[in-house]
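Can you join these two chains into the complex? Each is in its own frame, and there are hints to help.
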Amino acid sequence: MLAVFKLGNSVLKANSNLFERTGKSTVAIFKQLVEMFSFVGETAVAIAKSVIEPKRIRWRPILFNIRSAGFDALPIVGLLSFLLGVVVAYQGADQLRQYGANIFVADLVGLSMLREFAPLMTAIIIAGRSGSAYAAQIGTMAVTEEIDAMRTLGISPQEMLVLPKLLALIIALPLLTVFADLFGVFGGMLMARNQLDVGFVEFLDRFVKAVSPTAFMVGVGKAPVFAAIIAIVGCYQGFKTKGGADSVGRQTTRSVVQSIFLVIVADALFSIVFSLLDL
Amino acid sequence: MQNLAHHDIEKSQAQSIETVIEMRGVSTRFGEHVVHSDINLKINRAEIFAIIGGSGSGKSTLLREMILLQLPNSGSINILGINLTDISEKNALALRKRWGVMFQHGGLFGALTVKENVGLPLREHTTLSDAQIDAIAEQKLIMTGLKLEVGAQYPSELSGGMLKRASLARALALEPELLFLDEPTAGLDPISAAGVDELVVQLRDQFGLTIIMITHDLDLLWQVADRVAVLSDGRVQAVDSMLGLSSSNIDSVKAFFDGPRGRSAREQSALQAIKINDHLKDSSSKLK
Numbered sequence: 009m010l011a012v013f014k015l016g017n018s019v020l021k022a023n024s025n026l027f028e029r030t031g032k033s034t035v036a037i038f039k040q041l042v043e044m045f046s047f048v049g050e051t052a053v054a055i056a057k058s059v060i061e062p063k064r065i066r067w068r069p070i071l072f073n074i075r076s077a078g079f080d081a082l083p084i085v086g087l088l089s090f091l092l093g094v095v096v097a098y099q100g101a102d103q104l105r106q107y108g109a110n111i112f113v114a115d116l117v118g119l120s121m122l123r124e125f126a127p128l129m130t131a132i133i134i135a136g137r138s139g140s141a142y143a144a145q146i147g148t149m150a151v152t153e154e155i156d157a158m159r160t161l162g163i164s165p166q167e168m169l170v171l172p173k174l175l176a177l178i179i180a181l182p183l184l185t186v187f188a189d190l191f192g193v194f195g196g197m198l199m200a201r202n203q204l205d206v207g208f209v210e211f212l213d214r215f216v217k218a219v220s221p222t223a224f225m226v227g228v229g230k231a232p233v234f235a236a237i238i239a240i241v242g243c244y245q246g247f248k249t250k251g252g253a254d255s256v257g258r259q260t261t262r263s264v265v266q267s268i269f270l271v272i273v274a275d276a277l278f279s280i281v282f283s284l285l286d287l
Numbered sequence: 068m069q070n071l072a073h074h075d076i077e078k079s080q081a082q083s084i085e086t087v088i089e090m091r092g093v094s095t096r097f098g099e100h101v102v103h104s105d106i107n108l109k110i111n112r113a114e115i116f117a118i119i120g121g122s123g124s125g126k127s128t129l130l131r132e133m134i135l136l137q138l139p140n141s142g143s144i145n146i147l148g149i150n151l152t153d154i155s156e157k158n159a160l161a162l163r164k165r166w167g168v169m170f171q172h173g174g175l176f177g178a179l180t181v182k183e184n185v186g187l188p189l190r191e192h193t194t195l196s197d198a199q200i201d202a203i204a205e206q207k208l209i210m211t212g213l214k215l216e217v218g219a220q221y222p223s224e225l226s227g228g229m230l231k232r233a234s235l236a237r238a239l240a241l242e243p244e245l246l247f248l249d250e251p252t253a254g255l256d257p258i259s260a261a262g263v264d265e266l267v268v269q270l271r272d273q274f275g276l277t278i279i280m281i282t283h284d285l286d287l288l289w290q291v292a293d294r295v296a297v298l299s300d301g302r303v304q305a306v307d308s309m310l311g312l313s314s315s316n317i318d319s320v321k322a323f324f325d326g327p328r329g330r331s332a333r334e335q336s337a338l339q340a341i342k343i344n345d346h347l348k349d350s351s352s353k354l355k
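In the order they appear, the protein sequences are chains A and B. Numbering of the first sequence is given in the numbering used here, commencing with residue 9 and proceeding in unit increments. Numbering of the second sequence is given in the numbering used here, commencing with residue 68 and proceeding in unit increments.
So here's chain B without its partners, still in its complex pose (with noise of 0.2 angstroms):
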C-alpha cells in the first residue's frame, strides 16, 4: 500500500479496480417507513466516496448499516469479501479490526484521557506492551495534527475540531484499511475544515485507505470526493465525480447544487483544486 504515495491522485484510480464494498438491493424500513429500497454501490480500493443527501435521507443509516450497526431489512452488504448477513461472531471481530469509524461527535470514551482512548483498541486486540501501545498512540496523534501534550487531557477537555482529530487518530490505531467518516467537517470552523480535507487526502495518498465519507460540506467534497452518491427518496439517485453530478439533469441532485452554497463551493473548488494539486505534488515529491 505504502508505495502509492508516490502516486498522484489520478494514477491510484486508475489502478484501483477491486471493489471493497459492495452492496446489493439494501432495503431498510422502520415500522411503516421505508428508508432505503434497493440500494446498489460498488466502492473501490483506495478511492474517497463520498455519500450525500439531504436530512432524512438515510445516509447515517447506510453508513451503521456497513460497520455492523444495524441490519438492512433485505439486500446484501459485502465488505472485503465478506457478507454481513448472518456474519459470525470471529468474522464480525475481523472486519472490526480491518476498519476504523469517526464519528460525527467523535465517540471518544470520557473516562480515558485521548492517549489512552487512542491506545485502546491495541489494548484490547494485540498484546504489545504498554510502552510500546504508549508510542503508537502518540505516533498517531501527530499524524492528525495533534500535540503531544493533548494525549493527556480527557475528551471534555478538547475543542471540536481536536475531538474529530482525536477519534481519527483513534480509527487509525490498528492501521485499517478503510475508514468510516461521519460528518468529518459538521461543527468545524472554516481553517479547521480546510485541515480536514488536506487530512483525508493525506491518508488516502499515502496509505492508500478507501476512505468512505457522510457529508454535507460542498466544499470538502470538491476538494476530496473521487466519486459521489446522491441519496434521496431511499434510492440512489447518481454515483459520479462532482463534476460529473454537477451538470446532472436529475431533479435531487441538481437541488444540491442549485442554491447560492452550491454555486459558491464550485466556484471555489475551481480555484483551490489548483492550490491542493500543487501542495499535493509538493508533498509526494518530498516524499520521494
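Next up, chain A with everything else stripped away, as it sits in the complex (with noise of 0.2 angstroms):
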C-alpha cells in the first residue's frame, strides 16, 4: 500500500515536472520571440535613421558583403542549382515520357525552379553560409567585448554590424536567385536533351510559351525577404552571444537553423498568398 502511494506520488511529481518543463519552455519561445520583434524594431530604427541622414549609411562594409555574401557564393549556388535542375528534370524524364509528353520537361523544370527551388535552394545555402558567419562574427565581437567598446567610443552596433549586412543581402540575394535560375534550367535543358530527345532550340521554345516573366518575379521577389529572415536572424543571435567562445558556436547553430526555419514558413506563407492572388 505505501509502495503504491510512493509510486502515485512520484508520478504526481514527475507529472508536474513535466507541466513545469512545458511551461517554462513555452515562456522561454514567447521570450524569445519579444526579443527578435525588438531588434527588428531597433534595425527598423536604424534603417529610419540612415534614410532621413544618408551620410551615415557604411558604404565599405556593405560593398564587402556583397562580395562575400554574393559574388563569393557564385559557384557554390551555381553548381547546386545546376544539380537540382538536373534532378528535376530527371526525376520528372519518366513519368513525362509514359505520356509522350516529352516536350513539357521545360514547363516542369522552368516554373519549378523560378518560382519555388531557385529562391529556395540559394536562401537556404546563403543561411548557412553567411547567416552563420555574421552570427559566429558578431558572437566573437560580443565575447571579446568589442561591441561593448564600440558602443562607448559612440558608434551604434546596428548601423555599424547590422544594417550593411542586410542592406548587402537584400541586394545580393535576388542576383544569386537569378543565377540560380540560370543554372537551374540549364541542368534541366541538358537532362531533357539527354533523356528525352528535347533539343536546346524546341526546350527554349516551349520555355517561353510556358514560363510567364510572372513566374520569374514571384521567385526573384521573394528573395529580398529571405535575406532580411537571415541577415536579421544571423545578427540576431551573434547579439545574444554571452559568456565565451562555445557560446559562439551554439548561437551560430541556432541561426543556421533559425533561419532555414523562418525562410522555408516564410515560402510556405507566399505559396498561400499567393494562391489567394492568382499569381
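Think of the hints as simulated: they come from the structure by calculation, not from any bench. Some clues are possibly wrong.
To be verified - The following residues of chain B were derived to be distant from chain A, with all beta-carbon distances above 10 angstroms:
| no. | residue |
| --- | --- |
| 1 | Thr128 |
| 2 | Ile134 |
| 3 | Leu136 |
| 4 | His172 |
| 5 | Gly173 |
| 6 | Gly174 |
| 7 | Thr180 |
| 8 | Leu195 |
| 9 | Ile200 |
| 10 | Lys214 |
| 11 | Leu215 |
| 12 | Pro257 |
| 13 | Ile258 |
| 14 | Ser314 |
As the list claims (entries may be wrong) - List of simulated lysine-lysine pairs, DSS-like, C-alpha gap at most 30 angstroms:
| no. | chain 1 | residue 1 | chain 2 | residue 2 |
| --- | --- | --- | --- | --- |
| 15 | A | Lys250 | B | Lys157 |
| 16 | A | Lys57 | B | Lys157 |
| 17 | B | Lys321 | A | Lys248 |
| 18 | B | Lys321 | B | Lys109 |
| 19 | B | Lys164 | A | Lys57 |
| 20 | B | Lys109 | A | Lys248 |
| 21 | B | Lys109 | B | Lys157 |
| 22 | B | Lys321 | A | Lys250 |
Ideal placement from N, C-alpha and C gives every residue a C-beta, glycine not left out.
Structure (C-alpha cells):
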C-alpha cells in the first residue's frame, strides 16, 4: 500500500515536472519572440535614421558584404542549382515519357526552378554560408568586448554591423537567385536533351511559352524577404552571445536552424498568398 | 588641466572638490538576484578612485552602469552633471566623447590594426584628415609606452600587456576627462603591471584625468588609489584611502586585507611608496 502511494506520488511529481518544464520552455519561446521583435524594431529605427541622414550609411562594409555573401557564393550556388535542375528533369523524365509529353519538361523545370527551387535553395545555402558567418562574427565580437567597446566609442553596433549586412544581402540574394535560375534551367535543359530527346531550341521555345515573366518575378521577389530573415536572425543570434567561445558555436548553430526554418515558413506563406492572388 | 602637472599628489587632491560622478540609491537586480542595493558614491575630479570587492560583488556591473552599457533598476547616476537615467541620444554621445574606457581584454577591433583602432574614435567623431589622425594615434601609442611598429600590427598579434596599453591609447584618443579602467593589471606579469601603476599616476598628474578603476590587484591599489570603495553584499561597505581601510573594523573589509597576500602587499607598498614618490618628484621637476 505504501509502495503504491509512493509510486503515485512520484508519478505526480514527474507530472508536475513535465508541466513545469513545458511551461518554462513556452515562456522561453515567447521571450525569445519578443526579443527578436524588439531587435527587428531596433533595426528598423536604424534604417529610418539612415534614410533621414544618408551620410550615416557605411558603404564600404556594404560592398565588402556583397562580395563575401554574393560574389564569393556564385560557384556553390551555381553548382547546386545546376544539379537540382538535373535532378528535377531526370525525375520528371520517366513520368513524362510514359505519356509522350516529353516537351513539357520545359514547363516542369522552368516553373519549379524559377518559382520555388532557385529562391529557396539559394536562401538555404546563404543561410548556412553567410547567416552563420554573421552570427559567428558578431558573437565573437560580443565575447571579446568589441561590441561594448563600440558602444562606448559612440558607434552604433546596429549601424556598423547589422545594416551593412542586411542591405548587402537584400541586394545580393535576388541577384544570386537569378544566377541560380539560369544554372537550374541549364541543368534541366541538358537532361531534357539527354533523356527525352528534347533539343535546346525546342526546350527554349516551349520554355518561353510556358513560363511567364510573373513566374520569374514571383521567385526573385521572395529573395529580398528571405535575405532580411537570414541577416536579421544571424545578427540577432550573434548579439545574444554571452560568456565564452562555446556560446559562439551554440548561437551560430541556432542562427542557421532558425533562419532555414523561418525561410521555409515564409516560403509557405508566400505560396498561400500567391495562390490567393492567382499569381 | 595641464597645470596640475606641477603639483604633487597631495596638492591636487586638496584642490579637487568638484564632484564628477555621483551615484544615489543605485539598485540593480538580475531576476531575483540582487546585485546592488542602495549604492551611494561620489567621485571627485582628478582623483584615482578604485572599486574593489570579491567576484560577483557587482563591481563590473557598476562600471557598466557608469559607462552607459547597462541601466540600474532604480537610483540615479550623475556624470559630469548629466543624469544617465532617460539620457537623450545626443547627450549620451556627448558624454561618450568625454570619457575613455579600457576593457579587461582590450576590446580592440580584430579587423583593424592597432593604429586604426586608436584612430577610430577620431575618424568617427572629428573631421580631422587621415594624416592628422595617424599622427595623433602614433602620439597616443608612444604615450602609453608602445613602440610605433606595434601600430601596424593586428590585436591578435599582441601580448596581453600590449593589448591593454593599446586599449588605453584608444581610450585616450579623444582626450577624455574621465578614464574607466576594468582590471588594468589582470593577467599581466609583475613588470608590466608595475608599468601600468606608473602610467595611471602619470596620466592623472599630467592631464588631470579622473580615473575610475576596478581591480583585484592589491599592489596597484596601494601604489595609486586615492580612495577605494569596498563593495560587498550589494552595498558599499566603506570608502577610504588604503591606509584608512587597512585599519577598518568592518568584517568584509578586513577579509580583503588579512590574507597573506594582503599583508605582503601592504609591507611592499610601504617600501615602494617611497620609491614612487621620489620618482614622481623627479618626473614633475623634469616637466618644469
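Hint check results:
1. Thr128: holds (13 angstroms)
2. Ile134: violated (5 angstroms)
3. Leu136: At roughly 6 angstroms from the nearest Cβ of chain A, B/Leu136 sits no farther out than 10 angstroms, so the non-interface label is violated.
4. His172: About 5 angstroms separates B/His172 from the closest Cβ of chain A, which leaves it inside 10 angstroms; violated.
5. Gly173: violated (7 angstroms)
6. Gly174: violated (3 angstroms)
7. Thr180: holds (15 angstroms)
8. Leu195: At roughly 16 angstroms from the nearest Cβ of chain A, B/Leu195 sits farther out than 10 angstroms, so the non-interface label holds.
9. Ile200: Holds: least Cβ distance 14 angstroms, greater than 10 angstroms.
10. Lys214: holds (23 angstroms)
11. Leu215: holds (23 angstroms)
12. Pro257: Label holds. Min Cβ-Cβ 24 angstroms, cutoff 10 angstroms.
13. Ile258: holds (25 angstroms)
14. Ser314: holds (37 angstroms)
15. A/Lys250 / B/Lys157: Roughly 28 angstroms between the alpha carbons, so the hint for A/Lys250 and B/Lys157 holds.
16. A/Lys57 / B/Lys157: holds (14 angstroms)
17. B/Lys321 / A/Lys248: Status violated; Cα separation ~39 angstroms.
18. B/Lys321 / B/Lys109: Status holds; Cα separation ~23 angstroms.
19. B/Lys164 / A/Lys57: holds (21 angstroms)
20. B/Lys109 / A/Lys248: violated (34 angstroms)
21. B/Lys109 / B/Lys157: Given that 30 angstroms is the threshold and the Cα spacing comes to 25 angstroms, the pair holds.
22. B/Lys321 / A/Lys250: violated (34 angstroms)
In summary, the structure is inconsistent with hints 2, 3, 4, 5, 6, 17, 20 and 22 from the numbered list given earlier, while agreeing with the others.
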